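**Q** So the chains spell out like this:
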Amino acid sequence: MTFLRALATMLLMLVAVPPAQAADDAAIREAIAKFATARNFADTEAIVRELGASGDPRVEPALAALADGNLNFRKSDRQVFVTKESGQAATLFDPLTGETVGEAPKRDFTKIKVNNSLRRTIRAVVSGLTLAAPDSTVRLSAAINMFRAPDPANLEALDVAIARETEARVAAALEAARASSVLVSDQPDDRKLAAIALLGQRGDRETLSLLTAFSARAEGELKAAAEQAIDSINASLALWSAGQNVWYGLSLGSVLLLAAIGLAITFGVMGVINMAHGEMVMLGAYTTFLVQELIRVHQPALFDWSLAIALPLAFIVAGSVGLLIERGIIRFLYGRPLETLLATWGVSLILQQTVRTIFGPTNREVGNPSWMSGAVQLGELTVTWNRLWIVVFALAVFAVLLYAINRTSIGLRMRAVTQNRRMASAMGIRTPWVDAMTFALGSGIAGIAGVALSQIDNVSPNLGQGYIIDSFMVVVFGGVGNLWGTLVGAFTLGIVNKFLEPYAGAVLGKIVVLVIIILFIQKRPRGLFALKGRAVEA
Amino acid sequence: MTYHLKSSLAGLAALIAVSVSPLGAQAQEETIKVGILHSLSGTMAISETTLKDVMLMLIEQQNEKGGLLGKKLEAVVVDPASDWPLFAEKARELISVNKVAAVFGCWTSVSRKSVLPVFEELNGLLFYPVQYEGEESQRNVFYTGAAPNQQAIPAVDYLINEEGVERWVLAGTDYVYPRTTNKILEAYLQAKGVAPEDIMINYTPFGHSDWQTIVSDIKGFGSAGKKTAVVSTINGDANVPFYKELGNAGIKAEDIPVVAFSVGEEELAGLDTGPLVGHLAAWNYFQSVDTEINAEFIDSWKAFIKDDKRVTNDPMEAHVIGFNMWVKAVEKAGTTDPDAVIDAIIGVSVPNLSGGYSTMMPNHHITKPVLIGEIQADGQFETVWETPGLVVGDEWSDYLPDSKDLIADWRAPMSCGNFNVATGKCGGKGS
Chain A
16 MTFLRALATM LLMLVAVPPA QAADDAAIRE AIAKFATARN FADTEAIVRE LGASGDPRVE
76 PALAALADGN LNFRKSDRQV FVTKESGQAA TLFDPLTGET VGEAPKRDFT KIKVNNSLRR
136 TIRAVVSGLT LAAPDSTVRL SAAINMFRAP DPANLEALDV AIARETEARV AAALEAARAS
196 SVLVSDQPDD RKLAAIALLG QRGDRETLSL LTAFSARAEG ELKAAAEQAI DSINASLALW
256 SAGQNVWYGL SLGSVLLLAA IGLAITFGVM GVINMAHGEM VMLGAYTTFL VQELIRVHQP
316 ALFDWSLAIA LPLAFIVAGS VGLLIERGII RFLYGRPLET LLATWGVSLI LQQTVRTIFG
376 PTNREVGNPS WMSGAVQLGE LTVTWNRLWI VVFALAVFAV LLYAINRTSI GLRMRAVTQN
436 RRMASAMGIR TPWVDAMTFA LGSGIAGIAG VALSQIDNVS PNLGQGYIID SFMVVVFGGV
496 GNLWGTLVGA FTLGIVNKFL EPYAGAVLGK IVVLVIIILF IQKRPRGLFA LKGRAVEA
Chain B
3 MTYHLKSSLA GLAALIAVSV SPLGAQAQEE TIKVGILHSL SGTMAISETT LKDVMLMLIE
63 QQNEKGGLLG KKLEAVVVDP ASDWPLFAEK ARELISVNKV AAVFGCWTSV SRKSVLPVFE
123 ELNGLLFYPV QYEGEESQRN VFYTGAAPNQ QAIPAVDYLI NEEGVERWVL AGTDYVYPRT
183 TNKILEAYLQ AKGVAPEDIM INYTPFGHSD WQTIVSDIKG FGSAGKKTAV VSTINGDANV
243 PFYKELGNAG IKAEDIPVVA FSVGEEELAG LDTGPLVGHL AAWNYFQSVD TEINAEFIDS
303 WKAFIKDDKR VTNDPMEAHV IGFNMWVKAV EKAGTTDPDA VIDAIIGVSV PNLSGGYSTM
363 MPNHHITKPV LIGEIQADGQ FETVWETPGL VVGDEWSDYL PDSKDLIADW RAPMSCGNFN
423 VATGKCGGKG S
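Protein chains in written order, with the working numbering: chain A, 16 to 553; chain B, 3 to 433.
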């Protein structure tokens, strides 16, 4: 059976490959072999163009490998291979057929160097070769690349491709690519006008870029049409940018919420000024790093689950450190805010230096699982996956915490102790134990915040310092002792910050937000959502 | 004294050694002391700890070769803890209490400015290994890092000539080095005929972590139909979230390249560089430089630090050059006396790690090649362009109106760090 199938495949291949191409084989191999003797980028570029001129789609894998830096030649005989590295060894593939040729030590090979302009050339050449590829996603990316790099020489190929295309989205991309190429060609004005009209409907940044470049060199009617299209694109982009600011604000707000939510418990509910809060976040991030290291070594397949595994561990690690701090230091300092502040600041320095001694002062690499990399494009709004998941995660943590405090018996005791310690004690609640648990909970939440923040920030001993001021700001602004206040406070500050940033710049924006908060606190010293009643006065 | 312990522990051990040295010194033979003034704790520890380690390695190697002037070298390590006033205090301690012959240290410009008066007053020697904004030349300081004309200007030239860039984003952290460098670059670009509306300047606070707005601004600025590039003087930790955001937002090096002056192998070590391939950095040294002397250096560094994954970077090379220059100058002068060394070191040439020789110039800056590298998927840089010869560090920029008439020459009879060629007088800025 397998024999028959192999035979059938071979027959198919014989039919599929026209004799002319087979004859070209030697010529292509010769051209590819020339990569080994290219002295500079210009030489390499000439060879790429020569391969592109052959019009044979089979050169595409070799060109793709060249762009990715995987095309090497053997030092001994200058033979060119596509390589895949693993450790000190490299697997060799034939540049034309893609067959595995063998394995060899990496140091026997020299990489064929590429730079940005060469990568651009390769991209253009490859898109010309793959315009007729059977896979529609390959055709689509070829069309998009041609759209970005307009060239009158592409027009003929594009006309052929458009006539043949069956899928609507690819056809649209091809039309756009043709329009962009028409703009740089010497086609008659009416075709250019049609192209401008077509492009004007797209309304994205890349089109804007093309039309701006065109209008700078166009004259008369064409210039007017292009400018009109530019204006309409700018108007729609302005709308999008408002939506974008809201999204960025929500995203920044969710980061603030995550950083502050643990503090909302230790500072907000318990009243402990905990300067070591940021270091709990850092411990959570380092736990993530350790989990990922172990997974990389032992179970690489589980990498996408690393964050899920790190979450409970980070909670336990940061929570137990919090418990130790409460039992060891803070319980002796209740009611003495100044001493608490100094003592916890000292603890934060000790934790930082300990981590620096164990893990070294340099950043540690925490990878993004595949589902947290890249972005999704909603119209003109780029939403990166990691930011989106952090918003979701922050809200989930908030909901769980709200439930724990309002609906569980431990939450009930926590609230009882904060509202009236002596009465709670009289009712038989072990108040020191509740204090320790509350502090551990707040620290543990900071730990899981660290898991999320490790995805967008550096994992270094200084990680926590960047968040401590912001966290206090959010809790004080939102209203001490109120979780809802922290939520609203975090998102308000995030959105205000992001609306200010485009106008005032990042530095001034931050200062303006601080000034606004200071003024606000003058007016409402207890924050947005102040607790009312006798407990506050006590 | 051995340094087998982990880096920070070694620093601690050295600190203890310093505090007991009056007892120990009498029992041992006489040594020449070398001060190491790098932060081992606080925000700058991330970059400076490595430089401390490299100095310890160089001193150990020199001692294996028989020391200097027949005496052993002894490292005196202090920790200024990323606290700028503490740098001045620790420098004073090194010179007047420990009586060190030379100090190797500082990273940020503000820490250098803080120790300058101390070195002037006590007549010490400082070797400063980091690229900086220029506009300074001091008798007691040797600048072994790059001046703006050894890094920023060639990088911009590369982008203009090779990539055809016409529109520029100058993004930096808000402090003296990016502000001065961007001022020089702005003047340079405008002199090259770039219109003011084609230059966007943006500053962010230290440790900025939310780059969404700025990355989208860059994208917007880049869609004006002209080839756009970003020149980044973003410092330290803020780079990681910046590059992560760039990668996630899909800004490819082929479309909008970013050339960075503060991102080296160490900074990339904490990053997945897959999406960043092709973004650029300008330095005077890359770990990937293919020379025998560099291979030797990398091997001995990895053996010294006992970690195969540690990387080497440009400021480390600057310390190698600076240390070798000091050794050569002391041998030439026959003494460690600062005045004699200051006279002897001018004109001293030592091999650099990229295969040539670096020379100490009369303005206390050195000659270096300039390399432009593209980030690779393995976290290393690949040199795509380099200056044909060595570039002499220019301390007073020719592109700033205030300093274009100034030169520095510490040889007698001029002996001046800011000589005004227009007025013919030493001292003062501007004509």
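It should be emphasised that the hints constitute simulated quantities derived from the structure, not laboratory data.
Treat each hint with caution, since some may be false.
To be verified - No farther apart than 30 Å at their CA atoms in a straight line, the calculated lysine-lysine pairs in the DSBU-like style are these:
1. B:K194 <-> A:K126
2. A:K121 <-> B:K115
3. A:K99 <-> B:K304
4. A:K128 <-> B:K221
5. A:K126 <-> B:K308
6. B:K194 <-> A:K121
7. B:K308 <-> A:K525
8. B:K115 <-> A:K525
9. A:K128 <-> B:K304
10. B:K194 <-> A:K238
11. B:K254 <-> A:K128
12. B:K229 <-> A:K126
Said to hold, decoys possible - Far from chain B, some chain A residues (derived; all Cβ distances over 10 Å):
13. R351
14. W499
15. E516
Said to hold, decoys possible - Far from chain B by the CB rule (all over 10 Å, computed), these chain A residues:
16. D39
17. D83
18. E221
19. L225
These figures come from a predicted structure and were not determined experimentally.
We put the CB at the ideal spot given by N, CA and C, even for glycine.
**Q** Beyond 10 Å from chain B, beta-carbon-wise, is L225 (chain A)?
**A** Incorrect as stated: the minimum Cβ-Cβ distance to chain B is 7 Å, not above 10 Å.
**Q** Between the alpha carbons of K115 (chain B) and K525 (chain A), is the straight-line distance 30 Å or under?
**A** holds (27 Å)
**Q** W499 (chain A): least C-beta distance to chain B exceeds 10 Å?
**A** Given that every Cβ of chain B is farther than 10 Å from that of W499 (chain A), nearest at about 24 Å, it holds.
**Q** Measure nothing beyond the straight line between the CA atoms of K99 (chain A) and K304 (chain B); if it is 30 Å or shorter, mark the hint as holding.
**A** holds (26 Å)
**Q** Given the hinted pair K194 (chain B) and K121 (chain A), is their alpha-carbon gap at most 30 Å?
**A** violated (44 Å)
**Q** Check the hint pairing K126 (chain A) with K308 (chain B) against an upper bound of 30 Å on the C-alpha distance.
**A** Given pair K126 (chain A), K308 (chain B) holds - Cα atoms ~29 Å apart, limit 30 Å.
**Q** Quick check for students: does the CB of E221 (chain A) sit more than 10 Å from each CB in chain B?
**A** violated (7 Å)
**Q** Once the closest CB in chain B is found, is it more than 10 Å from E516 (chain A)?
**A** Since the minimum Cβ distance to chain B is about 5 Å, E516 (chain A) lies within 10 Å and the statement is violated.
**Q** With the threshold set at 30 Å, check whether the alpha-carbon distance from K194 (chain B) to K126 (chain A) stays at or below it.
**A** violated (36 Å)
**Q** Taking 30 Å as the top limit, are the C-alpha atoms of K229 (chain B) and K126 (chain A) close enough?
**A** It holds: about 28 Å lies between the C-alpha atoms, which stays within 30 Å.
**Q** Taking only the CA atoms, is the gap from K254 (chain B) to K128 (chain A) under or equal to 30 Å?
**A** Roughly 18 Å separates the two Cα atoms, so the pair holds.
**Q** Sort out whether K115 (chain B) lies within 30 Å of K121 (chain A), counting only the CA atoms.
**A** violated (47 Å)
The structure fails to meet hints 1, 2, 6, 7, 15, 17, 18, 19 from the earlier list, while all remaining hints are met.
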